[in-house]
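When we follow our numbering, the leftmost residue of the sequence shown carries the number 1, and every step to the right adds one.
Derived from the structure by calculation, the hints contain no laboratory data.
A couple of the hints might just be wrong.
[Claimed, not checked] Subject to a maximum C-alpha distance of 27 Å in a straight line, what follows is the list of computed DSS-like cross-link-like pairs (lysine-lysine): (1) 138 x 125; (2) 91 x 125; (3) 26 x 91; (4) 51 x 19; (5) 70 x 91; (6) 91 x 19; (7) 26 x 51; (8) 125 x 152; (9) 167 x 125; (10) 70 x 19; (11) 70 x 47; (12) 47 x 91; (13) 26 x 70; (14) 70 x 117; (15) 152 x 117; (16) 138 x 152; (17) 167 x 152; (18) 138 x 167; (19) 70 x 125; (20) 117 x 91; (21) 138 x 117.
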Amino acid sequence: MDIKASYYAVIPAEVRYCKDLPPNAKLLYGEITALASTDKGCFARNKYFAKLYDVSVRTIQQWLELLENKGFIERSTARANDTGLRAIRLKSAPLPTYEQESYDEIFASCGVYGELKAAFIRFIKHCNLNGRMITNEKMYSIITRLDFAHGKDTIGKIASLDRAIDKGYFDVAEDFQ
């Protein structure tokens, strides 16, 4: 095969890990990303891809159909002006949604109650007032680090959170001695 391309292909995770696509269909998707340098899409013919991957045109058609059925590409033919050009456009896959836990759920699962919970709420308000959002992962990290630094000493944990607020910190790591 004498085709030597010098451009990059991009295969996003939702395509790479799709269990319903054979590996070469994923590779074909990458080739389409490399050829679709504009929003107008990729205009390569099935015969081009077949020669490139040393497979039949029918195999390319099957891979394209799989990619289209999974919502990764969209094929359209410009029949209005009889050019017969087929465009393959990449479709943005919807971002996966993850169920977010509330802070109350995190506190309950980590055994954060009473005055310690009140100190965490003050800390969260401090962060929010300063344009900082405490993600679930960050909250778990702070709780874990406080547990590591202070063990069961609730008063020490509260003092660390209050010192972080007083010093303008958006994390408690700076407070550990």
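(request) Hint by hint, work out which the structure violates, then give me just those numbers in ascending order. (result) The structure breaks hints 2, 14, 19, 20; every other hint is satisfied.
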